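Student: I would like the entire structure built from these sequences, with the hints used as guidance.
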Amino acid sequence: MLKSRAFTRQTRQGRVLKEVREHYLRDDIYCGAPFCDKGCDKSSARLSASRSTILVLDTNVVLNQIDLLENPAIDNVVVLSVVLAEVKNKNIAVYNRLRALCSNSLRNFFVFSNEYHKDTYVEALAGESPNDRNDRAIRVAAKWYHDHLGTGVSVLLITNDRENKKKAIDEGISAETVECYVKSLGQVELLDLIVQPPSEDVNMEDVEDLRPSKRKVIYNEHKPMSEVTSGLLRGLFHQGKLRVNRFNPFEAYVGSESIGDEIIIYGRANMNRAFDGDIVAVELLPQEQWHEEKSLALADEDEEEDVHLAPNSADDAPRVVNQGQTASEEMKPSRPTGRVVGIIKRNWHSYCGSLEPMPMPGGNGGLAHALFVSKDRRIPKIRIQTRQLGNLLDKRIIVAVDSWDRLSRYPTGHYVRTIGEIGDRDTETEVVLIENDIDARPFSAQVLACLPPLPWSVSSQDLTNPIRQDLRHLRVCSVDPPGCRDIDDALHCMPLPNGNFEVGVHIADVTNFVHPGTPLDDEASQRGTSVYLVERRIDMLPKPLTEDICSLRADVERLAFSVIWEMTPDAEIISTRYTKSVIKSCAALSYVEAQARMDDSRLVDPITSDLRNLNGLAKIMRQRRIDRGALTLASAEVKFQIDTETHDPLDIGMYQIREANQMVEEFMLAANVAVAEKILKHFPLCSLLRRHPSPTKEMLEPLLHTAEAVGLSLDVTSSKALADSLDRAVGDDPYFNKLIRILATRCMTQAVYFCSGDLSPPEYLHYGLASPLYTHFTSPIRRYADVIVHRLLAASLGIYKLPGVFQDRPKLTSISDNLNYRHRNAQMASRASVELHTLIFFRKRPTDTEARIVKIRSNGFIVFVPKYGIEGPVYLTSKGENAGEWSADEKQQRIRKVDGSVSYGVLGTVRIHMEVVEPQPNRPKLQLTLV
Numbered sequence: 001m002l003k004s005r006a007f008t009r010q011t012r013q014g015r016v017l018k019e020v021r022e023h024y025l026r027d028d029i030y031c032g033a034p035f036c037d038k039g040c041d042k043s044s045a046r047l048s049a050s051r052s053t054i055l056v057l058d059t060n061v062v063l064n065q066i067d068l069l070e071n072p073a074i075d076n077v078v079v080l081s082v083v084l085a086e087v088k089n090k091n092i093a094v095y096n097r098l099r100a101l102c103s104n105s106l107r108n109f110f111v112f113s114n115e116y117h118k119d120t121y122v123e124a125l126a127g128e129s130p131n132d133r134n135d136r137a138i139r140v141a142a143k144w145y146h147d148h149l150g151t152g153v154s155v156l157l158i159t160n161d162r163e164n165k166k167k168a169i170d171e172g173i174s175a176e177t178v179e180c181y182v183k184s185l186g187q188v189e190l191l192d193l194i195v196q197p198p199s200e201d202v203n204m205e206d207v208e209d210l211r212p213s214k215r216k217v218i219y220n221e222h223k224p225m226s227e228v229t230s231g232l233l234r235g236l237f238h239q240g241k242l243r244v245n246r247f248n249p250f251e252a253y254v255g256s257e258s259i260g261d262e263i264i265i266y267g268r269a270n271m272n273r274a275f276d277g278d279i280v281a282v283e284l285l286p287q288e289q290w291h292e293e294k295s296l297a298l299a300d301e302d303e304e305e306d307v308h309l310a311p312n313s314a315d316d317a318p319r320v321v322n323q324g325q326t327a328s329e330e331m332k333p334s335r336p337t338g339r340v341v342g343i344i345k346r347n348w349h350s351y352c353g354s355l356e357p358m359p360m361p362g363g364n365g366g367l368a369h370a371l372f373v374s375k376d377r378r379i380p381k382i383r384i385q386t387r388q389l390g391n392l393l394d395k396r397i398i399v400a401v402d403s404w405d406r407l408s409r410y411p412t413g414h415y416v417r418t419i420g421e422i423g424d425r426d427t428e429t430e431v432v433l434i435e436n437d438i439d440a441r442p443f444s445a446q447v448l449a450c451l452p453p454l455p456w457s458v459s460s461q462d463l464t465n466p467i468r469q470d471l472r473h474l475r476v477c478s479v480d481p482p483g484c485r486d487i488d489d490a491l492h493c494m495p496l497p498n499g500n501f502e503v504g505v506h507i508a509d510v511t512n513f514v515h516p517g518t519p520l521d522d523e524a525s526q527r528g529t530s531v532y533l534v535e536r537r538i539d540m541l542p543k544p545l546t547e548d549i550c551s552l553r554a555d556v557e558r559l560a561f562s563v564i565w566e567m568t569p570d571a572e573i574i575s576t577r578y579t580k581s582v583i584k585s586c587a588a589l590s591y592v593e594a595q596a597r598m599d600d601s602r603l604v605d606p607i608t609s610d611l612r613n614l615n616g617l618a619k620i621m622r623q624r625r626i627d628r629g630a631l632t633l634a635s636a637e638v639k640f641q642i643d644t645e646t647h648d649p650l651d652i653g654m655y656q657i658r659e660a661n662q663m664v665e666e667f668m669l670a671a672n673v674a675v676a677e678k679i680l681k682h683f684p685l686c687s688l689l690r691r692h693p694s695p696t697k698e699m700l701e702p703l704l705h706t707a708e709a710v711g712l713s714l715d716v717t718s719s720k721a722l723a724d725s726l727d728r729a730v731g732d733d734p735y736f737n738k739l740i741r742i743l744a745t746r747c748m749t750q751a752v753y754f755c756s757g758d759l760s761p762p763e764y765l766h767y768g769l770a771s772p773l774y775t776h777f778t779s780p781i782r783r784y785a786d787v788i789v790h791r792l793l794a795a796s797l798g799i800y801k802l803p804g805v806f807q808d809r810p811k812l813t814s815i816s817d818n819l820n821y822r823h824r825n826a827q828m829a830s831r832a833s834v835e836l837h838t839l840i841f842f843r844k845r846p847t848d849t850e851a852r853i854v855k856i857r858s859n860g861f862i863v864f865v866p867k868y869g870i871e872g873p874v875y876l877t878s879k880g881e882n883a884g885e886w887s888a889d890e891k892q893q894r895i896r897k898v899d900g901s902v903s904y905g906v907l908g909t910v911r912i913h914m915e916v917v918e919p920q921p922n923r924p925k926l927q928l929t930l931v
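The sequence shown lines up with residues 1 to 931 when you count with the UniProt record's numbering.
Quick caveat, the hints were computed from the structure, so don't treat them as lab data. There's no promise every hint is true.
[Unchecked claim] Here are the simulated DSS-like cross-link-like pairs (lysine-lysine), alpha carbons at most 27 angstroms apart as the crow flies:
1) LYS375 with LYS639
2) LYS143 with LYS166
3) LYS167 with LYS143
All figures in this text were calculated on a predicted structure; none of them were measured in a lab.
Tutor: Set out below in structure tokens:
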């Protein structure tokens, strides 16, 4: 049956067009019930085989109650296509979660195309709103299911819309609210999952301070989007992402392109209910209210700010702690300071933490109000209702935010699920993964079905394939961290008769097994990168690929993608070629083993000679890069020794970089640059590249202030000038230069992936490497960016046709955005895993050690502990203690006692005591105190 649907749309020029589309209605769309006796095809049945209750959900139930729907107790659900479409339009994240439920073979969720079934399609009535029309379509589909399946089956419409429920009952359809249905299941804990509408938040305010009180305005009302948009266009407001200081949750920053600087937001009142990661509109405060960033004291771990102030009152000035300074010093204008006036895009998601200890409520199993404390200090406490308080007090749980009323001190949320016992290592590791949105689920059967059967070996077809060169005769070896099993790069260096060298970088040919558009490729593109925690690795690709089929292990033939140069003994590149290849690695060495070979003058075997030749070339290449202006930065990378049985840390120390590390790095950099040049030449508008934006002057200011305070003059006019300045920054202390380089690293922006067609060539620059072009090609086993680049390189060589996605610029840009998001999350998860294992290590090992001061604050300083790679605050005063005896000099970066008896300066050495304490229940921290 053919229907015509007419609708109007407005063009960009403002013209209104009427469009008519043909809409095909069918009678062969099946109900999904395996017991149907009306002739439906049962091969696609997804509903339960038992004649139990079938649920039909309206759109708002899906949008608001997705956490509840993901619980296995909610099953046998019909998802109507009209609901699916409406959810997709309103919330893509919820839509993706709903699609995952519908495709999960373990859940009975069935998508019914009611909009294309001749008996369930409804035309919009004259004067009927789209929302009313969709509600009517849902009721018609529910009635059809009731009539179609007949007696013995209960079809229940779930809706919290009073009007929709009343109409359904009037039309002979069984209908219930979410809460009534959940109560009927008799599982009390499910009631905690229900999202209460914002209006119900009013009832909770009576427990604000555990006593009835009149509600008062705590926060300013958010301006409507129309006013925000207008204010942004007129320059009254500034848009940016809010980032909360990890040392001080009452201090945040909003990077604003419109003023070219970061706007500082002091205090919860000025943050105005914005969460870390929200896109916000900010209004600048009058300049006399701007503040020097460094005059803020370090916030105590258990400090809570009293925001129960009318936001417009005179008391609501930015929160600055005066610690022994005059008012004129404290109020010195410096950085733009502002307040949030509107939320443009929320970044709410699920948070991990625990409930604040509190007395158990009277009665058994009654509803209790509790405050949830996130493990992430940047997140405010969240108020929830729970009927299982006694079971949750010693657990790590997940909570989602529902709303934040301007009359409420805290946001309101709901319990989602329990992770495990507080303090258990596996529980705390899962918290790290959840907080950083890391997908650690096992690979699905559809993904694993894409893998070739094991055992796998290079076939005769691979060897005779004209696109692939047989390089098994070359002396290839790999050099990696100890215990590495996912080996994705190897090297060879062969002296040539003319005195030059043939040098090859051989990279695992992952794209031979990961084909575009397959479930395996889709999964890899979503995961984006492998994640390395202290005691485990979460792979981007299944282990048969990462550790066997693709891994360039010793003494086995493997497929590779090779970049091969002819180089002079002075490391000048004569020629470059690219080829798919077959290699057979002679040795899989660790960095330590490779270094030991190169250092042992008694060894003259071929592999050791190759390593020495490679190292000699790498040193020349490295110096040439530095001469061009490449920065030699430093980071506080930590290495743990882990007990193989208990997985507890046995020892901790700074990761040691050897010449062997730098040798491998140099050739990987050279291969990445060579491939970037090749793909950009062939595909100037759709190449995936990596850029490192130059740091702004404001970003480098902390480094310049610190350097100035210790008598150093750094030139930051270019990367070359900065590199030369850092080389000159030496003193009697051997660690001094590394510390300056660590501080310089922290002033840099993140390097990011981008599509070449989105930017102009001058913006392609990689500042840190001083390279006009750069990409990632050398780690396709663990980075999806490299998989994309392999496809581009293969297409540039005419090996394969370029996949269709490269013609879709918006799609490429969204892939780049996801890669940047996943890459950053993987870094954050790795750091959080280090912090967790540091706590475990020091829990029973209080330690005294040396530390270096890296930042002066008005009531203490932040130190870096070189031996362990740890950073944290050291307080000179206890909470509530008068700090008048201390005076901080911001310019000189010193803090001294007023009587002059004691003085501490930036980069100075102090001796500290490190001990794990728990100032707030369930929030252990490593406390650093002066010895």
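Student: Given the hinted pair LYS375 and LYS639, is their alpha-carbon gap at most 27 angstroms?
Tutor: holds (24 angstroms)
Student: Taking 27 angstroms as the top limit, are the C-alpha atoms of LYS167 and LYS143 close enough?
Tutor: Given that 27 angstroms is the threshold and the Cα spacing comes to 12 angstroms, the pair holds.
Student: Going straight from one Cα to the other, do LYS143 and LYS166 come out at no more than 27 angstroms?
Tutor: holds (14 angstroms)
When held up to the earlier numbered hints, the structure conflicts with none and fits them all.
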